[in-house]
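Protein chains in written order, with my numbering: chain A, 658 to 1003; chain B, 658 to 1003; chain C, 658 to 1003; chain D, 658 to 1003.
Quick caveat, the hints were computed from the structure, so don't treat them as lab data.
Careful: at least some of the hints might be erroneous.
[Claimed, not checked] Simulated restraints on C-beta separations: (1) Glu816/A with Ile704/D: 55 to 63 angstroms; (2) Glu891/C with Lys664/B: 18 to 26 angstroms; (3) Leu720/D with Ser665/A: 55 to 63 angstroms; (4) Ala721/B with Lys863/A: 54 to 62 angstroms; (5) Glu692/B with Ala743/A: 34 to 42 angstroms; (6) Gly748/B with Thr908/D: 23 to 31 angstroms; (7) Glu692/D with Glu732/C: 55 to 63 angstroms; (8) Arg995/D with Thr908/C: 35 to 43 angstroms; (9) Leu775/D with Gly682/A: 56 to 64 angstroms; (10) Ala743/A with Thr667/C: 21 to 29 angstroms.
[As the list claims (entries may be wrong)] Only pairs whose alpha carbons sit at most 25 angstroms apart, straight line, appear in this in silico SDA-like list of lysine to any residue: (11) Lys727/A with Thr982/A; (12) Lys966/A with Glu989/B; (13) Lys985/C with Glu989/B; (14) Lys863/A with Tyr801/B; (15) Lys727/A with Lys985/C.
Note that the structure is predicted; figures quoted are calculated from it, not measured.
By construction, the Cβ of each residue, glycine as well, lies at the ideal position given by its N, Cα and C atoms.
Protein chains: 4
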Amino acid sequence: MIIVLKKSATEKDAQHIVEAARAWGLKTNVSRGVERTIIGLIGDERIIHGKPLDMLPGVESVLAVLKPYKLAAAEGRPEGTRIKLAPVKKGGRTVVIGGPEVIVMAGPCSIESREMLLDLAQLVKKSGAHLLRAGAFKPRTSPYSFQGMGNEGLRLLAEAREAVGIHVITEVMDVRDLDAVAAVADVLQVGARNMQNFTLLKAIGKLHKPVMIKRGLANTMEELLMSAEYVMSEGNHEVLLCERGIRTFETMTRNTLDLAAVPVLQRESHLPVIVDPSHGTGHWDLVVPMARAAVAAGADGIMVEIHPKPAEAMSDGSQALLPKTYLKMMKELDRVARVLGRKVTR
Amino acid sequence: MIIVLKKSATEKDAQHIVEAARAWGLKTNVSRGVERTIIGLIGDERIIHGKPLDMLPGVESVLAVLKPYKLAAAEGRPEGTRIKLAPVKKGGRTVVIGGPEVIVMAGPCSIESREMLLDLAQLVKKSGAHLLRAGAFKPRTSPYSFQGMGNEGLRLLAEAREAVGIHVITEVMDVRDLDAVAAVADVLQVGARNMQNFTLLKAIGKLHKPVMIKRGLANTMEELLMSAEYVMSEGNHEVLLCERGIRTFETMTRNTLDLAAVPVLQRESHLPVIVDPSHGTGHWDLVVPMARAAVAAGADGIMVEIHPKPAEAMSDGSQALLPKTYLKMMKELDRVARVLGRKVTR
Amino acid sequence: MIIVLKKSATEKDAQHIVEAARAWGLKTNVSRGVERTIIGLIGDERIIHGKPLDMLPGVESVLAVLKPYKLAAAEGRPEGTRIKLAPVKKGGRTVVIGGPEVIVMAGPCSIESREMLLDLAQLVKKSGAHLLRAGAFKPRTSPYSFQGMGNEGLRLLAEAREAVGIHVITEVMDVRDLDAVAAVADVLQVGARNMQNFTLLKAIGKLHKPVMIKRGLANTMEELLMSAEYVMSEGNHEVLLCERGIRTFETMTRNTLDLAAVPVLQRESHLPVIVDPSHGTGHWDLVVPMARAAVAAGADGIMVEIHPKPAEAMSDGSQALLPKTYLKMMKELDRVARVLGRKVTR
Amino acid sequence: MIIVLKKSATEKDAQHIVEAARAWGLKTNVSRGVERTIIGLIGDERIIHGKPLDMLPGVESVLAVLKPYKLAAAEGRPEGTRIKLAPVKKGGRTVVIGGPEVIVMAGPCSIESREMLLDLAQLVKKSGAHLLRAGAFKPRTSPYSFQGMGNEGLRLLAEAREAVGIHVITEVMDVRDLDAVAAVADVLQVGARNMQNFTLLKAIGKLHKPVMIKRGLANTMEELLMSAEYVMSEGNHEVLLCERGIRTFETMTRNTLDLAAVPVLQRESHLPVIVDPSHGTGHWDLVVPMARAAVAAGADGIMVEIHPKPAEAMSDGSQALLPKTYLKMMKELDRVARVLGRKVTR
């Protein structure tokens, strides 16, 4: 931590800070310049994170030297994190997230019926994708919109998982549903609106279950890493980060997909980075180019929504791909991945 | 709902939409213009809110005519909502939120100790303010920061409420804590990060207890009203709306306090509108001018943070007012309120 | 400037930076901490502003200690800048901007006709306001919209100025029109879209004529101060700063009026700060509350638009006040100003 | 245009609008619904673009049916615009922008010296790229930063163009420099800060010279298309659109590169779309992944900055690629382009 003093600060002000630092167990380095005196605090500054040092007399500004995340930081595990999902059934596929394969998670936005879910699970499995995505609990802006099938949806998801032999990812919104969701899901999903639901993050941190945290609409990458840190600091180190668009002034897309988050998060952290171009754009015709772009940017995986009849979807139909568009996209993604020495399908 | 067809749309496309509308119980009005055919859907369009009408063949765009909120909308209660808090003790003050008095909610960010809380409660009471604010459960970006005193904090808050005879507002973060918090609080607070925690909103909707919902950092005013609608649609109509700053590119302030939200929300809704200039700016020296500005803009209330020693505060010390600054502000706020025919203190 | 080295940086990397600093005429202070080595550069760091120090080997990040603006910074003139406009006619009013009086600039968005301009000039003068605002050159998003009356408009403005005896402010968009505009205007206006038209700023810097620079829609306060610095570094120190709303995700208002800019800019700079609630909100019914709020926040002045028949205005009619609304507002502004020990009208 | 009346609107209000529409030469279609009366205006609504229809009595809101741009709209030229640059010298390469080849524009941010420019021009030419980019006039936030070599830079650029035989693109900031810049440049560049410098756009519209308009930091895609419309409405139809990042709350990147702009602009318009990942990210290590992503998203071209010694660059060194990194990127871009049936190099 670097403390810059005001031009008008006194020797007493500087002395006060040096003593405060000593009381926190930190050493100091005082540098008296032409225009400003600067005090460097030496030691693990995270112990004073959040302290209002700018309120001390004579202080002009406070500059952080270290990143506020530690467990999620790249330097702790430079080789990167790989998350393994054991086969659903004996002889089935082991999925490795964060390795050379680019992971695809695909399926309907919401679970709408048993038949539809089983059909799409089959399609997703056959396409070479790695996980089935499907929501039982749906966060909706309006209380009058379809809120998901809830526990009945979870039951159907468990059935599809078994019947088809495919790993599943689904969202948990309520800490009271956590055990029920964790009993079915291979990967838990924390939605963008819950990225800073710290209660939920701490509870997930106590499980042995991978979790994908979606970046909130107004959250910085640093805050996304701090949310991962919440889970990790409780003991659960299997965290996936997901970029799904941030909110900006642009209205031609539902959100602004921030693809630079892929290389930035991969530089800052050892955790795998997934991109959701469906929510990131909100329009089916933008999903395919943005999925290709995500893979080209180096994403470790992609999450997309599919629906057999988008115009009749109970949620987010505008961003759902028709099965045939999805299958064509899968081939393109594989070809792009191979430019980077990776692959999507076998 | 207005459906604009593409230039290339066929008569069959139009017919298809007319029939779909009929199936939803809506009438239609088809207008064939020079450049576009337009179909108006007549009836309560809210029943098709969220349907992906833009996925129907031939559709170029879909324009909503009605607002998606109904219970929160101004036209349902043009006289405005007044929320009464019965006296804490016999002979005490009845607080009316949404009436001619501009409400002040003041106190420490976090409950830090019994002594500090009681002292500030006394100060707030004497200053003429209406509610004591103080957090027992604190949402913090970092897992390493102080997370609040929790249930022990709630107990202290109940004690201060009784001892001093002042109404209290405090945040509930976890649906599992709801009963415990509601047992102490006169007004529940839903924080900005939980504005779209729909699980929590629904549970609060089932209580008979006023709730103040803070606008999320990336949430539109329409979404804030939809979150109020979640609570109201469950039966609880005592909702306060709180503007506390949105996230923008500007870094000289913690958030960008969107004061125009005051007149906009008052025009759109019948619910009282409170402003929090402490979180809205993040710096104590900006709190006073912004509090005055909020009252001048017509806010129904103000929430501010106070601390006897800001540099030692366990959370958000940079934005806390010293008691003497707070007391001076109270007088200014009262004078500004009187320009609008309102008042703060008696 | 503070340079933070990577954990992996070598002694040679540090040495390289120390030598580079010496070559730029700066001294250094090297502090070797537990986790990072930090090098402070001592001297006027502005001489290396914009240098890509983060590209030097071993550098993790670079932290600025001094603000990049110097002439506009508060510390250079702590008593504040007052800009005097000599009377238009003998015996007329001397207007002082930045003093105890809160300045009002009012008038039509565009000059539309001689009669309308003269009528409004009379109204503005009688109301006690200080400057007539009216645009001859209009920056419009669409090439098909009314682009202003141009030189003919300037001529009418000069006539109104003389006839009514009121100071005028008007926008200059094109450096080629600068002399013509400066011949009429008492204060030049640089519009939000031209805030970083550095060519125009430099040319204005060579004149002896006050200029009001409007903050761009995506510009930080620091950048606004840097634009003032452009003008001042050429010799013209009579600069007014104007907050007129920034662009955010909110759509219920045209822009998000960032009123906290008033106290922030007044703390950072000695230049007067004006607020334009007409462009800042885009709707006439929000202009009055936001004008009151601006004065309560401590603004040195207000700029508002008036039109006798807003529905027929050739530009920005939705945000124009009717004369009677404007006159009522003037009385309220004066009463709010007096709470702060200032006044609007005599 | 659709006009939605308030619930409280009278028959007289509706009649007034119908008559106003007739006066503008538009027909009307009045639809009386359960909750609202709606009036559709039939005809070319662009003639009333910008009129404050919401100020008419009884009007609740106004919804646009047609896009405000016409010449730039896709439907006018569904086959897309191809811009041909005749060979610099006899026997040289004809460059076609908007065709199957993905165009690469590369070079230094600023022209710094004759030698450096010639060396980089050779490198760019050999790499298979199509245009040399290099700035003579530089828009800088600070008046104390290097402002470009100006006319001497233009002279060097003309020399490099001739000597190496490569097309050039360079920025024009000031309308007074337009002829001089147009005499050298094969493609003019309008920078992000000048996207709404309507004076400059109109002047360029009168030339026969391709122009690339960069999207402003706070500008919507619709506004970018309106700026293209300014140029086109004056007669110059050779316009390239450039996405180069918008301003958001994220600070880990210089700007947020909005790659979804590529498919959106290609759907809305017939003009070629270029992406600048150097300014779009601000860090050299993000440029390569984002350049690949842009090509994967379907961009018609890429603009990138190169510097032999980034740490010594006079502007934007942090985002400059070393020559060897650039050459490696070119190969990757070509491979990604081929997945889409396009190519970069021969």
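Hints versus structure:
1. In this structure the supplied range 55 to 63 angstroms holds for glutamate 816/A paired with isoleucine 704/D, their Cβ-Cβ distance being about 60 angstroms.
2. Remark: the range hint 18 to 26 angstroms for glutamate 891/C to lysine 664/B is contradicted by a beta-carbon distance near 53 angstroms.
3. Taking the beta carbon of each, leucine 720/D and serine 665/A are about 56 angstroms apart, inside 55 to 63 angstroms as hinted.
4. Evaluation of the 54 to 62 angstroms hint for alanine 721/B and lysine 863/A yields a failure: the beta carbon distance comes to about 43 angstroms.
5. Between glutamate 692/B and alanine 743/A the Cβ separation comes to about 59 angstroms, which falls outside the hinted range of 34 to 42 angstroms.
6. A hinted range of 23 to 31 angstroms is violated for the C-beta pair glycine 748/B and threonine 908/D, which are about 54 angstroms apart.
7. A hinted range of 55 to 63 angstroms for the beta carbons of glutamate 692/D and glutamate 732/C is consistent with their spacing of about 59 angstroms.
8. At about 41 angstroms, the CB distance of arginine 995/D to threonine 908/C agrees with the hint of 35 to 43 angstroms.
9. Take leucine 775/D and glycine 682/A: their Cβ atoms lie about 58 angstroms apart, and the range 56 to 64 angstroms holds.
10. Between alanine 743/A and threonine 667/C the beta carbons are some 44 angstroms apart, a value that contradicts the proposed interval 21 to 29 angstroms.
11. The hinted pair formed by lysine 727/A and threonine 982/A fails the criterion: a straight-line CA distance of about 41 angstroms is larger than 25 angstroms.
12. The hinted pair formed by lysine 966/A and glutamate 989/B fails the criterion: a straight-line CA distance of about 61 angstroms is larger than 25 angstroms.
13. Of the pairs offered as hints, the one joining lysine 985/C and glutamate 989/B holds, with about 22 angstroms between alpha carbons and a cut-off of 25 angstroms not exceeded.
14. Distance check on the hinted pair: lysine 863/A and tyrosine 801/B sit about 16 angstroms apart at the alpha-carbon level, within 25 angstroms; holds.
15. Simply put, lysine 727/A and lysine 985/C have alpha-carbon atoms about 58 angstroms apart, too far for the 25 angstroms limit, and the pair is violated.
Checked against the numbered hints given earlier, this structure breaks hints 2, 4, 5, 6, 10, 11, 12 and 15; the rest are met.
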